[in-house]
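Just so you know, the sequences run in chain order G and F.
Using UniProt numbering, read the first sequence as starting at 1 and increasing by one per residue.
Using UniProt numbering, read the second sequence as starting at 1 and increasing by one per residue.
What the hints contain is simulated information worked out from the structure, not anything from laboratory work.
Covered stretches of chain G (in silico footprint by chain F; criterion: 3 or more residues with CB under 8 angstroms from a CB of chain F, positions within the stretch not fixed): (1) 168 to 175; (2) 360 to 366; (3) 373 to 382.
Even glycine gets a Cβ: it sits at the ideal position worked out from N, Cα and C.
What follows is the residue order along each chain.
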Amino acid sequence: MRDLPPRAGHTFPGREMPLMDREPDGSARPHTPGTPTFMRPIGRNLLGSEPELLRRCQLSSTSSLESPLSPSRPRSPWRFDPYDSIEDQDREYVGFATLPNQVHRKSVKKGFAFTLMVAGESGLGKSTLINSLFLTDLYKDRKMLNAEERITQTVEIIKHTIGIEEKGVKLKLTIVDTPGFGDAVNNTESWRPIVDFVEQQFEQYFRDESGLNRKNIQDNRVHCCLYFISPYGHGLRPIDVEFMKALHEKVNIVPVLAKADCLTPAELSLKKIKIREEIERFGIHIYQFPDCDSDEDEEFKLQDQELKESIPFAVVGSNILVESKGRRFRGRTYPWGVVEVENPAHSDFLKLRNMLVRTHMQDLKDVTRETHYENYRAQCIQKMTRMVVKERKRSLCSHLRESVTDLPLVPVDSETERLIWEKDEELRRMHEVLERIQEQMRHGH
Amino acid sequence: MADTAKTTHPQPAGRPEKGAEFGYVGIDAILEQMRRKAMKQGFELNIMVVGQSGLGKSTLINTLFKSKVSRRSVMPSDEERIPKTIEIKSVSHDIEEKGVRMKLTVIDTPGFGDQINNENCWQPIMKFINEQYEQYLQEEINISRKKRIPDSRVHCCIYFIPPTGHCLRPIDIEFMRHLSKVVNIVPVIAKADTLTLEERDFFKQKIREDLRVNEIEVYPQKEFDEDSEDRMINDKIREMIPFAVVGSDQEYQVNGKRLLGRKTRWGTVEVENTAHCEFAYLRDLLIRTHMQNLKDITSSIHYEVYRVRRLNENNTHPSDQPNGHSNGVPTHEVLSHEM
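Okay, chain F solo, but in the shape it has when bound (with noise of 0.2 angstroms):
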């Protein structure tokens, strides 16, 4: 029944003590509570996939997180067809892993992209990302809070870039131009094994230069590196954005094991292997080393930066403030709408 996470409880009372350390006081026991409230109360996670149809995204989510967690998955009777709009449809599912568990919402935009005229396709995304923004902003200013406020607030959206080899196509820019500034981007090349190395590399190059002349922000951000260690870190992540990946759930025999992969007449593409593709790089930045940074960036920039254009937007509004708190209290502004 002992699980590796959980702690092994006080000592009786009683016990003699020998040796007894004078310097100690036992601070650093504070983790360990932090860790096991942490465990008690799970943790959440959105991840939002943007791209066009046939790219691979579905496949790509159940190869991320093992299982099929993907819109396809879950609703088979979707056909494969394209809407006429852009649709938002969101599926939730509670993974554990080693007593962790992770309430996990896979966000889907079938439609991206797909239409013959697709000027504005980021704006209903655009409205989905803010409307969970105002969401959270209403649980917070109100009266009576929810000891833990759900959070339903894109942390990480996936962009899908189809493989031309050429450089980024104008709506690839349009897109992440919008989105770059209210949720974190990480671009990815789909289907990347119809792509040489060298193709991939000089691809690659031509996608940062283009983002870079567009002066757009993709995940992990120049400017939120808090220290040099940060820093060294996510510069050598930089280098290898946007992650050339395969996305696979089917198993084959190589070498004796089963690995994850496709095949075709001239070989098979193993997923995790990072010498064919960089998908266990993507996995993890995404899950095992930076995804408390996605949700710490996402709450901590992206949220604020949307509170204050909200906080400001009410100040303007011709209604007086009697008692001079001249910093916006909101619940009493909002309150004053009402009235």
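Just chain G, same shape as in the assembly (with noise of 0.2 angstroms):
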């Protein structure tokens, strides 16, 4: 072993990245469009692979004649062996890159959970857009009010729990609908539900993350809202505004455009323009796509800008398979064409559906744990301790009251004087601790 000064970040000698067999694309993988790809090995090229694995069982066996050496590494039980390369075989590792592969084993048995709500007025798309996006029937069997009856009707919170798997990996998937937002002649306050719903949820973990059991806590806390603007405006309005404003602080909120097919493409392109300077004029914190690592391709920073500049997302949905020039695909069809769902030049529903579910799921739960929830929790921390200091102020000044109304005539002795006077002194300290924890919250946010 060569003596190496042990310093900071150091790498073992001799050991560049050797490159894994890339996939040349489009090849016997089943490809989706507008998929990341992944250098995972499983489906590898015909190709490539039998020449490789013939290599390999001549290796171990020319080495089982000589003294055997260290066991071959344990079968790996996940897909992606980071040591599986042939030049791998022969040099020496110390093995824990496959760190990440045994942190993602468990959550794979564990499988995923996600909370996304919708909102927006009725008729916007948003039951239809939920189906799509899924590729789920949800809404199947949806008894519409008529207009009588939503008069009354009052904003509600459903929730809707579906489990999907592909592949291995589960996910437990909660839709949270908003039906009667927005719909009632007056609709002031309506978002109050709905924030009221959300901050429920951090109560609950926050709880549940203060407790003594803290086994198998569920993440229910809602880590992304699509927010539907309706495209028949001109720009947002002022119940749009209203519930951004509400819910941006304590939610992720991605703006939707709904019903993009009624719009050409130089209306959609002014439109989005516009929402989006307003939601900067008024001050809107929507969801906010992290900027990506210097040290990332060029393609993936293009694509990153692509994605920053189509906010809201322009999008159409549909179930419903169509035939058309010998292709089927999911779409919308009128008179006068064809609108396709999945066809980026048609909508930015791929976009959409890309960002959510393939690329930024785990940013959007990591921001809603991070900056959304820790936000609330140190609102109830403060909220609590002002509380107990109420209380403990109330109950010795109550305390003290009653001590000197108890005996009027009797002199003030020196004992009872020291006592109010050491209560006193306790009461100013309480009061500069406090003080001091405020100081230093404020400081360190």
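Relying on the hints, combine the two individually framed chains into one complex.
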């Protein structure tokens, strides 16, 4: 073993990253458009795999003749083994690059959970979009209320939970629907039930996290809210602004321009610019895509830039299969043409789906956990400490008052005086401590 | 530049789709997202080594991580003396392999078991471990928490048993009994090249018997097996513990290959040869397969036990709870202590 002076961040000598076999695109593996491709060796290109396997077998057979070396590494139960390439067999590795895989094994066993909220007026295509996004039929037998019944309707919160499994990964998806929002004649404070719901989820998680048994905490916090903006107006309407301002510090808001097939491309881009401007003007903090690192390649940066410029996503949803020009796809048929849901030229549906599911799901959960939830928690604790201090002051004051009125005629002797003075001091000290803590918090943020 | 673990990125928009799959949403991409995040963040691992001096602890750690990460290598000025009391010395290194970064901390305990009177020699170590838990707890209940709390909790404690060949000594039993409740203990037979294979098997049997009789649960603990798959894997490991290891950081030529080993007049002990010693099994257990499991058990079981105990201590303190929160919300309590 060569003697290496230990320095921070040193790598093992002569161990540059061996390149994995790249898979030629569009080969044997079923390739869905717009998917980030991964360097996964599953479904290896048939041409490349066989000679490799032969070579590997030969290696192991020769080594068994001599003294048995370290046991062949445990068969990885997971798909992606970082030590799988031929060059790695001979080199000496410590072996902890399997750590990301070990972490994931547990997550794959447990499965993931994601909560998505949809909000907007009725008739904007929310249910259809959810069905299209996740290829489900959550809203199969819906009974639409007629106008009269809707007059007295209040905003409800309805949760649907579905489990999706793909390629061994389980996702528990919860869709929170808000029927009745914005439908009444007087919509003042119609976002209040929704805000209360979001805060309730935070509170439940806070209690669970601070509790004694933390084994199976259910994470029901809302990770993302798709807010549907009507395409018929001129940009944002007052209710849109109010809703987003009430929720932007509590949940990740992703604005979506609904029923975008009623707009021409020129109208669409104008509207998007206007909406972005208004969001900026009103100081609404929608979900920001994380900036890419400087070491990402240009293609990714371009992609990221495009994504940022597509807000709000102009979507068209449909679950009806349409046949046209020999292809089958999901779309909407009009006498003047057919709108393809998954065509990036026709709508931003693909961008939205990729962003939501394939590239930014983890980030949405992270931002919810690290920013929104932490803000809620800090506020909650502040409130509680204020209440504690108030209670103590009140109880001490009442106690003092009692002791004094109990003995109205007895002159206050030095003992009682000292007691009163002590209690006063204690109160003052408590106040100081609280002030100090609040100062710290203010500086800390 | 492209790294095996990085993803290639979404196809440029405008690609005409052919034969789109209707039934594929793409949720397995979340694994890739998690992996990217994990790679960026890096990992932490804290290993403690305990045993009498001269049992080869530092050499073994160096061999495990294939580099000079132990205390002896970092602080060569530390003479080979036996300290008067047990000291706790920890050394951290950032190591990287295949794009995965790890902050490895090795905690050494020179002076353990070396005194004339070794009573309560586990106490400083227990105190250290609990201090790490306390530190983590305080960070966790802080009002404005860090995004990622630095994890200094001891994930694994490797206990070195001297190769007497008979059975466990009282100090071994005492130590393991106290500490198996707060940390994952992996017992190893040190300097195993002084035992023949029969002696080794006999010794192991005796040790397992002693552990069973004294109700000491070492890693992998039976009660924490999650499902039958885990149990199967762990049962195989349980049949092999304690691992009989030999450490070395010197290379010799054997059969035309350069191997780590110890050269004697009658032959060369190869460290990575499973016919010679069980170092390779230990390394696979600790690093290649069960590293995450060690960390999970530390954080979700040992740490939780500590936390519950601390919270209950706080709750029984005479302080009223005006909001009627009966789940012992800790910050509320800690602050009311200050007041």
